[in-house]
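Top line first, the protein sequences correspond to chains A and B. Heads up, the final residue of the first sequence is numbered 401 in numbering that gives the first Met the number 0, and it's a clean run with no missing numbers. Heads up, the final residue of the second sequence is numbered 243 in numbering that gives the first Met the number 0, and it's a clean run with no missing numbers.
Treat the hints loosely; a few may be bogus.
Partner residues aside, some chain A positions facing chain B, computed with beta carbon under 7 Å [stated by the list, open to error]:
no.	residue
1	4
2	6
3	9
4	254
5	269
6	270
7	313
8	317
9	319
10	396
If you anchor each label on the Cβ, the simulated ranges turn out as follows [what the hints assert, rightly or not]:
no.	chain 1	residue 1	chain 2	residue 2	range
11	A	284	B	12	51 to 59 Å
12	A	3	B	73	18 to 26 Å
13	B	96	A	322	24 to 32 Å
14	A	308	B	29	28 to 36 Å
15	A	395	B	169	38 to 46 Å
Just so you know, these hints were derived from the structure itself, not from any lab. The beta-carbon is built from N, C-alpha and C at its ideal position, and this holds for glycine as well.
Residue-level listing of the chains:
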Amino acid sequence: MRVLRIAAEGARSLGANKLRTFFMMAGTIVGIAALTVIMAIGEGTEKRVMKRVTSFGTHAIMVTAGGGKGFSPPQEGITTLRLDDAEAIRTQVSGIGIVSPFAIRRGMSLKAGAQQIQATVMAVEPDWHDAWEWYATEGDPIASEDMATMARVVVIGTTVVRELFGQQSPRGETLQIANIRFRVKGVLESRGTSPMGDDFDRRVIIPLTTGLRRVFNQDHITNIRVKVRNTRQLVPIADQIRQLLHERHHITPPQEDDFAIFSAAEVAKMARGISGTLTLLLSALAGLSLIVGGVVLMNILLISVGERTKEIGLRRALGATRRDVFLQFLTESLTVTFVGMLAGAGLGWAAGIALARLTPLSPVLSWQPLALAVAFALLVGTLFGVQPARRAARLHPVEALR
Amino acid sequence: MIEMEGIEKTYGNGSLATRVLKGITFRIEAGEYVAIMGTSGTGKSTLMNILGCLDKPTGGHYRLDGTDMVSLDDDALAHLRNHKIGFVFQQFHLLDRTTALKNVLLPLIYTDHYPADAEERAQSALAAVGLSDRIHYKPSELSGGQQQRVAIARALITNPEILLADEPTGNLDRRSGLEILAIFKRLHRDGRTILVVTHDQAVAEHADRVIVLKEGTVAEDRNVAQPRDAEEETQALADEEKTR
Numbered sequence: 000m001r002v003l004r005i006a007a008e009g010a011r012s013l014g015a016n017k018l019r020t021f022f023m024m025a026g027t028i029v030g031i032a033a034l035t036v037i038m039a040i041g042e043g044t045e046k047r048v049m050k051r052v053t054s055f056g057t058h059a060i061m062v063t064a065g066g067g068k069g070f071s072p073p074q075e076g077i078t079t080l081r082l083d084d085a086e087a088i089r090t091q092v093s094g095i096g097i098v099s100p101f102a103i104r105r106g107m108s109l110k111a112g113a114q115q116i117q118a119t120v121m122a123v124e125p126d127w128h129d130a131w132e133w134y135a136t137e138g139d140p141i142a143s144e145d146m147a148t149m150a151r152v153v154v155i156g157t158t159v160v161r162e163l164f165g166q167q168s169p170r171g172e173t174l175q176i177a178n179i180r181f182r183v184k185g186v187l188e189s190r191g192t193s194p195m196g197d198d199f200d201r202r203v204i205i206p207l208t209t210g211l212r213r214v215f216n217q218d219h220i221t222n223i224r225v226k227v228r229n230t231r232q233l234v235p236i237a238d239q240i241r242q243l244l245h246e247r248h249h250i251t252p253p254q255e256d257d258f259a260i261f262s263a264a265e266v267a268k269m270a271r272g273i274s275g276t277l278t279l280l281l282s283a284l285a286g287l288s289l290i291v292g293g294v295v296l297m298n299i300l301l302i303s304v305g306e307r308t309k310e311i312g313l314r315r316a317l318g319a320t321r322r323d324v325f326l327q328f329l330t331e332s333l334t335v336t337f338v339g340m341l342a343g344a345g346l347g348w349a350a351g352i353a354l355a356r357l358t359p360l361s362p363v364l365s366w367q368p369l370a371l372a373v374a375f376a377l378l379v380g381t382l383f384g385v386q387p388a389r390r391a392a393r394l395h396p397v398e399a400l401r
Numbered sequence: 000m001i002e003m004e005g006i007e008k009t010y011g012n013g014s015l016a017t018r019v020l021k022g023i024t025f026r027i028e029a030g031e032y033v034a035i036m037g038t039s040g041t042g043k044s045t046l047m048n049i050l051g052c053l054d055k056p057t058g059g060h061y062r063l064d065g066t067d068m069v070s071l072d073d074d075a076l077a078h079l080r081n082h083k084i085g086f087v088f089q090q091f092h093l094l095d096r097t098t099a100l101k102n103v104l105l106p107l108i109y110t111d112h113y114p115a116d117a118e119e120r121a122q123s124a125l126a127a128v129g130l131s132d133r134i135h136y137k138p139s140e141l142s143g144g145q146q147q148r149v150a151i152a153r154a155l156i157t158n159p160e161i162l163l164a165d166e167p168t169g170n171l172d173r174r175s176g177l178e179i180l181a182i183f184k185r186l187h188r189d190g191r192t193i194l195v196v197t198h199d200q201a202v203a204e205h206a207d208r209v210i211v212l213k214e215g216t217v218a219e220d221r222n223v224a225q226p227r228d229a230e231e232e233t234q235a236l237a238d239e240e241k242t243r
């Protein structure tokens, strides 16, 4: 095929001028490498965000006692959030599936026999299990009778099982929380570690009534978890809850809230942080560097057309048509961008792997950036290759040979 | 067979128009060895470009084997150049950083049917100009005379009827120039049509016929009674150098 022979001529010419070829390629390599890395980091961030949102619950709103912006556990000694707040939310806000108030305390001492550990204790209502979709895998969950009788029963996480009871089944065993004896009723399904590094399984749950009266000696709660029926209602419902609590707590903004409300949307926003915007900005920069690379490529090609006037004239004299010359130069620019794209993607991939090892960025490498790179390279190669190729093709053989 | 009939070439137009060729008429039969002579500015290069189908005349007819090239489009002219004419230039015009073999193969890229035995053909073309041992050399590794011989091999690879040489010895020393002319003589003897455009009387006298241009017209068109023999002269030069 004549076309293939001419394309081969373009490739051969690139091979014969390696330095020039490298300079033509540099922009594409850097641009594509940057794009690959940035997209990988963006993907990684998004994955982390989704993990956070999923672990928080996509339908969930969390009311936390005490103000503050951080998604942190409530401060000790804040007594403003009460059970009747939860009751008010349940009765006055529509679109809600579950309202589950609870009290949490970290770092409490748990004892069984000679073993002693520290764990988080949560005093919960029975529908806590549904609110978190977190159930007992062994034994029974917290039940309504437990609430009514203020039963001293506990459902424990797998870390607690391992550290207090070892291999042996904990059901029916006795456990001391702050020197009060509890009977182990069941074992919670394992949830691993939180995105912040907390061990979800180093916790125990007890009935809310028991917790407030017998363990914590308080009548306030620390959190209310709300589960909405429809995720689209998440933000308006959060707003309604905020208004309701303002009324009940006699707060008029700009007075500071004595509670904080988080929804899955806010968790996503927080987890994403500025990285979403940054990814977009950096992608735009990488795209820009590709275009700059393209302009450089075009310039070098134009210079090269000027330098190779005699060569073009010679080829025309030997029988090349205008189309042949055009094709050769277009092949050169396309080959440059295509090879540059491959090298760039390889470089970006390597950088992604290195980043995954050395930084907490956890980039996710996927085929999408590569596909984008191919499309972009071909676009740049054509866009910036046509003009020089046309100029080359338009040279008159007599002028060119002079 | 080349037929030129009232060929004119005018550059520019209006008051700035320059008539370079003012009606050139001649006829060259297949197998002739013709030198086209003239001092610079006589339209020699312009005529050579038209002969080589690199440029079109503004008037007259140029028939190459019966085809009037004036009516052909750019692609058809490229095709014509590719298979009917072999070019040899004063500055050799080889691709640098490219081996002699690849240089010789260059015209075949633009043929309709790439021959299966292209490499062998290129090798034997190089052998015919005495460069069998330089096949993989790049132009920068060759002498001027050797480069011009690569160019001749390149001109012959498509087996054209006409070899068109523009001042082929202009950039060479006397001895290398004679070697080139000896190759031309041999090609002529094998039946090829040779056209040499030159300003050099000594070069022109190797041809059988000389057409002299003067101010855009044919001033003289004569046969050379006793063409010089490049092979003999090369031998003589070698002997001379030996005795010195």
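Each hint, compared with the structure:
no.: 1; hint: 4; verdict: holds, 5 Å
no.: 2; hint: 6; verdict: violated, 10 Å
no.: 3; hint: 9; verdict: violated, 11 Å
no.: 4; hint: 254; verdict: violated, 80 Å
no.: 5; hint: 269; verdict: violated, 59 Å
no.: 6; hint: 270; verdict: violated, 56 Å
no.: 7; hint: 313; verdict: holds, 5 Å
no.: 8; hint: 317; verdict: holds, 4 Å
no.: 9; hint: 319; verdict: holds, 5 Å
no.: 10; hint: 396; verdict: holds, 5 Å
no.: 11; hint: A:284 <-> B:12: 51 to 59 Å; verdict: holds, 53 Å
no.: 12; hint: A:3 <-> B:73: 18 to 26 Å; verdict: holds, 22 Å
no.: 13; hint: B:96 <-> A:322: 24 to 32 Å; verdict: holds, 25 Å
no.: 14; hint: A:308 <-> B:29: 28 to 36 Å; verdict: holds, 34 Å
no.: 15; hint: A:395 <-> B:169: 38 to 46 Å; verdict: violated, 23 Å
The structure is inconsistent with the numbered hints 2, 3, 4, 5, 6 and 15, although it conforms to all the rest.
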